[in-house]
Amino acid sequence: MSSSIELRGIEVDSILRGISLRIEAGESVAFVGRSGAGKTTSLRLINGLVKPTRGDVLIDDVPLARTDLVALRRRSGYIIQGSGLFPHRTVYDNVATVPRLLGWDEAKIKSAANEVMSRIAMPLERFGARYPRSLSGGEQQRVGIARAMVANPSMLLCDEPFGALDPIVRRELQETFRELRSDATIVFVTHDLVEAMRVAQRVVLFDDGRIVSDTPSADFPKQQLPLVRQFVAAASLPS
Amino acid sequence: MTAEILRVTGEHMLIVAIAVGVAIVIGIPLGIYCTRNPRAGRVALRVIDAIQTIPSLALFGFLIPVPFIGGIGMRTAIVALILYSLLPIVRNTFVGIRGVDPVVRDAGVALGLTTRQLLFDVELPLAMPSIVAGIRIATVIGIGVATIAAAVGGGGLGTFIFRGVAMVDTRLILAGALPAAALALIADVVLSAVERKMIKG
Amino acid sequence: MKRFLALALLLAACSQKKPIVVGSKNFTESVILGEIVARKLESAGCTVDRRMNMGGTFVCDSAMTSGALDTYVEYSGTALEAILKQPKADVAAAYAKRGLHWGPPLGFNNTFAMIVRRDDAQRIPLQSISDLAKVAAQFRPGFGYEFVERPDGWNGLLAAYGLTFATPPKTMDLGLTYKALASNEVDLIAGNSTDGLIESLGLIALADDRHYFPRYDAAIVYRDDIDRKCSGASKALESLRGTLDDAAMRRLNFEVDGKKRDAAVVAHDALGR
Numbered sequence: 001m002s003s004s005i006e007l008r009g010i011e012v013d014s015i016l017r018g019i020s021l022r023i024e025a026g027e028s029v030a031f032v033g034r035s036g037a038g039k040t041t042s043l044r045l046i047n048g049l050v051k052p053t054r055g056d057v058l059i060d061d062v063p064l065a066r067t068d069l070v071a072l073r074r075r076s077g078y079i080i081q082g083s084g085l086f087p088h089r090t091v092y093d094n095v096a097t098v099p100r101l102l103g104w105d106e107a108k109i110k111s112a113a114n115e116v117m118s119r120i121a122m123p124l125e126r127f128g129a130r131y132p133r134s135l136s137g138g139e140q141q142r143v144g145i146a147r148a149m150v151a152n153p154s155m156l157l158c159d160e161p162f163g164a165l166d167p168i169v170r171r172e173l174q175e176t177f178r179e180l181r182s183d184a185t186i187v188f189v190t191h192d193l194v195e196a197m198r199v200a201q202r203v204v205l206f207d208d209g210r211i212v213s214d215t216p217s218a219d220f221p222k223q224q225l226p227l228v229r230q231f232v233a234a235a236s237l238p239s
Numbered sequence: 240m241t242a243e244i245l246r247v248t249g250e251h252m253l254i255v256a257i258a259v260g261v262a263i264v265i266g267i268p269l270g271i272y273c274t275r276n277p278r279a280g281r282v283a284l285r286v287i288d289a290i291q292t293i294p295s296l297a298l299f300g301f302l303i304p305v306p307f308i309g310g311i312g313m314r315t316a317i318v319a320l321i322l323y324s325l326l327p328i329v330r331n332t333f334v335g336i337r338g339v340d341p342v343v344r345d346a347g348v349a350l351g352l353t354t355r356q357l358l359f360d361v362e363l364p365l366a367m368p369s370i371v372a373g374i375r376i377a378t379v380i381g382i383g384v385a386t387i388a389a390a391v392g393g394g395g396l397g398t399f400i401f402r403g404v405a406m407v408d409t410r411l412i413l414a415g416a417l418p419a420a421a422l423a424l425i426a427d428v429v430l431s432a433v434e435r436k437m438i439k440g
Numbered sequence: 441m442k443r444f445l446a447l448a449l450l451l452a453a454c455s456q457k458k459p460i461v462v463g464s465k466n467f468t469e470s471v472i473l474g475e476i477v478a479r480k481l482e483s484a485g486c487t488v489d490r491r492m493n494m495g496g497t498f499v500c501d502s503a504m505t506s507g508a509l510d511t512y513v514e515y516s517g518t519a520l521e522a523i524l525k526q527p528k529a530d531v532a533a534a535y536a537k538r539g540l541h542w543g544p545p546l547g548f549n550n551t552f553a554m555i556v557r558r559d560d561a562q563r564i565p566l567q568s569i570s571d572l573a574k575v576a577a578q579f580r581p582g583f584g585y586e587f588v589e590r591p592d593g594w595n596g597l598l599a600a601y602g603l604t605f606a607t608p609p610k611t612m613d614l615g616l617t618y619k620a621l622a623s624n625e626v627d628l629i630a631g632n633s634t635d636g637l638i639e640s641l642g643l644i645a646l647a648d649d650r651h652y653f654p655r656y657d658a659a660i661v662y663r664d665d666i667d668r669k670c671s672g673a674s675k676a677l678e679s680l681r682g683t684l685d686d687a688a689m690r691r692l693n694f695e696v697d698g699k700k701r702d703a704a705v706v707a708h709d710a711l712g713r
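Chains as they are written, first to last, in my numbering: chain A, 1 to 239; chain B, 240 to 440; chain C, 441 to 713.
Since the hints were derived computationally from the structure, they do not count as laboratory data.
Incorrect hints may have been included.
[Stated by the list, open to error] Residues of chain A clear of chain B, computed beta-carbon distances all greater than 10 Å:
{"id": "1", "residue": "G9"}
{"id": "2", "residue": "I15"}
{"id": "3", "residue": "G137"}
{"id": "4", "residue": "E179"}
{"id": "5", "residue": "R181"}
[What the hints assert, rightly or not] Simulated coverage check for chain B against chain A, where a stretch passes if three residues somewhere in it have a Cβ under 8 Å from a Cβ of chain A:
{"id": "6", "segment": "344-355"}
{"id": "7", "segment": "361-372"}
Beta carbons are placed, not taken as given, at the ideal position from N, Cα and C, and that holds for glycine.
With the sequences and hints as input, model every part of the structure.
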């Protein structure tokens, strides 16, 4: 069960100056661009953390303005840099957050948690009772992924989730993420082009509050736009 | 005399307990309010700050002629002490909640917690060490300030201190001062332990 | 030239009168009397350093014996019972042994008065201190710190009259006891017979039927060496002998407590008359 996402004529203060975009259910899209280009703001429009000054956001063709945001957020997964795990709760309680909000019974929660934790290679028996502060950065982010995915969200919103981790761990997590093969519609913000091309099928390039390119991942480096050239060069991709 | 010392110690603890209790009931919600409404919050904090600067004896004195809450006796002492206990509690609640990692708060909202759930399940538990510290400070200060209650007929350990000063009798002064110091020390130790238990992550 | 200047300065210093330190206890009557003493000394050409509202009897007395204070007004009963702890002694002789002069009596007796509200007195009824036995179970006493501690205070009274009160006394700043009685926070206080507020607040003093309280004749106490600080001092103080009777003192107290006038101004007017 996945959702379609549409941004129509979006303006947000001086950060976004006219964004229109449609993502079909089940697609995985990367938002790339330089810092301050508007990619995170665009992401946060989708679950209503940011409100547009102009324009509409539609999820499954229903405008956000007419949607219960709390219910929508419980149907989506959100992964951020730094993981945002609740430090005063165990790993298990963190992962169980959304299922509990949705009113699942504990048995169902336990089995879903077991499943997702084994998929991120952090079995519940070993890690369930631990607190976030006793985990490494990479482990914390894995738990963050598990927490976002445990309730089978229809959308997965990721805001530079691997940004604060060292390159080796980052690579591992990118692989893990890919192997998770979620049905959800995925929107993944990153400034790392290589990462974008690894985790997503489609790359949308933001610059100065506007979308300047929107192509399948493989086609991205082939474009002649100067900004694309810069990105490619910086990522040292073979052209 | 021992029986009397015990009696006034009991009075003293009662005054502080009631005052800090009420200050908690008023102060924590007020602190939460200040985090939600920054402008009103700033004004509120400034007012409470100003109250703190009033010398304690003066505050007790100001309250005497006020109808309902004033007069001469324990009630006036309790009201004055409530006012003094507000600042540490309100401020520490405010700072504690604001000090919650914004990433954690952001995650909470994004996962679909309502504002109420965010407050009770995330913000307050994480702000607890700070809040308990505020309660501890209010209690320790309160035990000291409560000695002034005796000046307005409020009872408490100050009774012995004032009597000792009037009679130039060190023994009487100590009869009041030592138990007060002991109470403050015990309160500090106990509440520090509680504070430490509250720190999670 | 330098030697001349030094000599001049030395002479100036010698002829400079050192200030006489005048103190008072911390209740209205004591402050008024302190001001009267201070002004009398000033009109005799002495410089005066005022230390009014100093605290109670014992603070003033310790200051006198240590030399921090040169003079204040004390009461005979207080001196005998509380300070000297010799109720039958000759107060002047006993003070002389301490290097202090028990000076001229001012002319009034300010004894302790056990005071209740007028409607309680009419209702129960209460006329004398012995009558308090009728209400010892319900009445809430309230006193200043001294009365509760002094042997010639509350405990002595309870023993002399064979009374036992169910409620222990509330203690507070002496000045607040009248207010506490008037606003029903307490039912019995220990006031002074010359207090200005007794009538104006609808209160009444109970008769001391067993004559428990001694006389408290007000007298000026001063250090034997006071004339060394200012040569006319003791003469000026002696001239105040017998200048204030009970009624006059009560009037002065009312000027301050009832009409809220400044004690110093009231003292000034009193001397002028």
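Against the structure, the hints:
1. At roughly 24 Å, the least C-beta separation between G9(A) and chain B is larger than 10 Å, which holds for a residue marked as non-interface.
2. Every Cβ of chain B is farther than 10 Å from the Cβ of I15(A); the closest lies at roughly 17 Å, confirming the non-interface assignment.
3. The Cβ of G137(A) sits about 13 Å from the closest Cβ of chain B, beyond the 10 Å cut-off, so the non-interface label holds.
4. Every CB of chain B lies more than 10 Å from the CB of E179(A), the least distance being 23 Å, so the non-interface label holds.
5. At roughly 22 Å from the closest C-beta of chain B, the C-beta of R181(A) stays outside 10 Å, upholding its exclusion from the interface.
6. Restraint check on the segment 344-355 of chain B versus chain A: 9 residues with Cβ-Cβ distances below 8 Å, three needed, restraint holds.
7. Interface restraint, the segment 361-372 of chain B with chain A: holds (3 residues with C-beta to C-beta distance below 8 Å; minimum three).
Comparing the model with each numbered hint stated earlier shows that all of them hold.
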